[in-house]
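**Q** The residues making up each chain are set out below.
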Amino acid sequence: MSEHPKHSSSGQPDPTARPARPRSGRLNFRPINLLLLIPLIGTLPPMFYNRTAPSIGGMPFFYWYQLLWIPISVTLTYVVYRATRGER
Amino acid sequence: MNGVEFGIVIALFALVTGIGFVAARWRRAGTLHHLDEWGLGGRSFGTWVTWFLVGGDLYTAYTFVAVPALVFGVGALGFFAVPYTIVAYPIVFLAAARLWSVAHRQGYVTAADFVRGRHGSSALGVAIALTGIVATMPYIALQMVGIQAVIEAIGITSNHWPLVIAFVVLAAYTYSSGLRAPALIAFVKDTLIYVVVIVAVIYIPYKLGGYDKIFSAAAKALPAKPSKGALTLHNSQYLAYSTLAFGSALALFLYPHAVTGVLAAKSRDTVKRNMSLLPAYSLMLGFLALLGYMAIAAGITPAKGTNGKPDSNTIVPVLFDHQFPSWFAGIAFGAIAIGALVPAAIMSIAAANTFTRDIYLPYLRPTASAREEAQVSKIVSLLVKFGALLVILFINVQFALDFQLIGGIIIIQILPAVVFGLYTRWFHRWALLAGWAAGIAISIWMLWYVPNPLTNHKHFGGAQWALSHIGLDTKSAIWIGIPTVVINIVLAAALTPVFARLPRGIDHTDESDYHAEAGDAKVGSLPVSPGQEAVTT
Chain W
1 MSEHPKHSSS GQPDPTARPA RPRSGRLNFR PINLLLLIPL IGTLPPMFYN
51 RTAPSIGGMP FFYWYQLLWI PISVTLTYVV YRATRGER
Chain S
1001 MNGVEFGIVI ALFALVTGIG FVAARWRRAG TLHHLDEWGL GGRSFGTWVT
1051 WFLVGGDLYT AYTFVAVPAL VFGVGALGFF AVPYTIVAYP IVFLAAARLW
1101 SVAHRQGYVT AADFVRGRHG SSALGVAIAL TGIVATMPYI ALQMVGIQAV
1151 IEAIGITSNH WPLVIAFVVL AAYTYSSGLR APALIAFVKD TLIYVVVIVA
1201 VIYIPYKLGG YDKIFSAAAK ALPAKPSKGA LTLHNSQYLA YSTLAFGSAL
1251 ALFLYPHAVT GVLAAKSRDT VKRNMSLLPA YSLMLGFLAL LGYMAIAAGI
1301 TPAKGTNGKP DSNTIVPVLF DHQFPSWFAG IAFGAIAIGA LVPAAIMSIA
1351 AANTFTRDIY LPYLRPTASA REEAQVSKIV SLLVKFGALL VILFINVQFA
1401 LDFQLIGGII IIQILPAVVF GLYTRWFHRW ALLAGWAAGI AISIWMLWYV
1451 PNPLTNHKHF GGAQWALSHI GLDTKSAIWI GIPTVVINIV LAAALTPVFA
1501 RLPRGIDHTD ESDYHAEAGD AKVGSLPVSP GQEAVTT
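The listed protein sequences correspond, in order, to chains W and S. Just so it is clear: in the first sequence, position 88 is 88 by the numbering used here, and no numbers are missing. Heads up: take any position in the second sequence, counting from 1, add 1000, and you land on the numbering used here.
What the hints contain is simulated information worked out from the structure, not anything from laboratory work. Backbone N, C-alpha and C fix where the C-beta goes; we use that ideal spot for every residue, glycine too. One or more of the hints may lead you astray.
[To be verified] The calculated label-pair distances, taken between Cβ atoms and stated as ranges, are:
no. : chain 1 : residue 1 : chain 2 : residue 2 : range
1   : S       : Y1363     : W       : L68       : 47 to 57 Å
2   : W       : L68       : S       : S1326     : 27 to 37 Å
3   : W       : V79       : S       : P1325     : 36 to 46 Å
4   : W       : R85       : S       : T1301     : 44 to 54 Å
5   : S       : S1326     : W       : V79       : 39 to 49 Å
6   : W       : L35       : S       : Y1238     : 23 to 33 Å
Make the full structure from the sequences, and use the hints.
**A** Set out below in structure tokens:
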């Protein structure tokens, strides 16, 4: 199927039309981004938390444990956001 | 029929209708005759508006009625919505920022726009666009299930007129105000929902004698249900729980309406900050899910639906009706009904933008002006809502429900082209298309073998595929989207070297685009609209 001609724009030299330019792979990956994986490890394997005891205020472990991960996840993601803020 | 409840719902509905029309003039930048204005609210929303808009978009009325109904029916398995919405944001945190940047630079309005520009393939763009539209349509129809549940709980079971009127009004202000309407209404919606949920999780347990009593009532009642549920998962449900949560999280931000919410943000920083703040909604969702157990403890039986059978989606409205005084039940019902309008508006706008930019523009009218683009999008948004209404009125709700289960499985198949595309051009465009086609085909084939014992459907009865199909001696099942997206990825990777001799598409993006922030110049700078660019080349 053909290329859509869209963004190679009008007349002026187009700064993006450089298919031959070698990609430098500017990924800027920072190790602090790995904090984003922690909520996945904490909540996705249910065998870690699939029990009723101990319960808090009548709420079985299965429920409060997962609810507890919401503030943890917000905190971790916010830490990554602050640490990488302004970086591109 | 309860007059007080009905009156309050009508009053709230009138309020948001007014807001919907006034929104056309909110933060307006000259003209609405441009897709950036009508379809993305001028790409101008800051942290607060984005938070309400995306939250109002993703946590829909259907979520509010269906998640508690699922917990009511099957117990612990229904709680998957909590890990699902916990992991979704960390997963998309990095990719969403890159998508915002490249879309800002290149003027992309949809994910399919990006795919077409990145991989230089209109065919792949259309595949992504069609996938998005097909996955979104039943979702819009489901929003009507939320409104219908409220209407039934108030006691109007005999006709569809309230639903039709609600959608006609919604269609009218979406047409005139575009994305600004749901963005403004989302403030009302979420404020009401938060108030209702906070009151519900304190007041209802207080009336029922505490969480202790609620959970013990659920522990007694669940094993007797057809699903043989429990307060915790059976071992055989682990795989289903994990894959459902993980897969739904991967799928969430691939939906056109989620992309629309992200791209309407005014800066890359706004997107990243929102990804860290949005999980706050999950807390509300978690407590909402527990309303299912409160309904069990309160001895709620579902109200009859328009088909005369008990409709389990009514348990939350019926619970509110029983537990709250009429005036507060009215507010709660209003909150749910408005909760349906916001996502329905955003979804129809997103589907319309996708049609316009990725099907109409490249294939039907490459010379369309920016004004024509906006006009086509507005008309398509009407057609989309009308189509969803017809599905509910003339086919049936169960069809929409079954289809929505399939929606996530279908939409996840665009992940390699979109998400991998944000990071690499290693994959060949034809390999990505082949992987996508195989992923969809195998998903549908697997879905065919899923029965639904509750509705006596033999096929397309759910999204969980029993591992016994491949000869494993187990009761475990897996959410179909996970194995099929893996096949999709493996195939795309395997075919990339095979297709190496075929021409690669031209990449219209530059590496620096993926890091752009607001204020950086857009490509092909300013007054040239996307439509005009197509003419000049």
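**Q** Now, for every hint given, state plainly whether the structure supports it.
**A** Each hint tested on the structure:
In this structure the supplied range 47 to 57 Å holds for Y1363 (chain S) paired with L68 (chain W), their Cβ-Cβ distance being about 50 Å. The supplied range of 27 to 37 Å is met by L68 (chain W) and S1326 (chain S), whose beta-carbon atoms lie about 36 Å from each other. Here the CB-CB span from V79 (chain W) to P1325 (chain S) is close to 43 Å, well matched to the stated 36 to 46 Å. Between R85 (chain W) and T1301 (chain S) the beta carbons are some 52 Å apart, a value that agrees with the proposed interval 44 to 54 Å.
Range check, S1326 (chain S) to V79 (chain W): Cβ separation about 46 Å, and the 39 to 49 Å hint holds. A beta carbon spacing of about 25 Å between L35 (chain W) and Y1238 (chain S) agrees with the range 23 to 33 Å that was offered as a hint.
Comparing the model with each numbered hint stated earlier shows that all of them hold.
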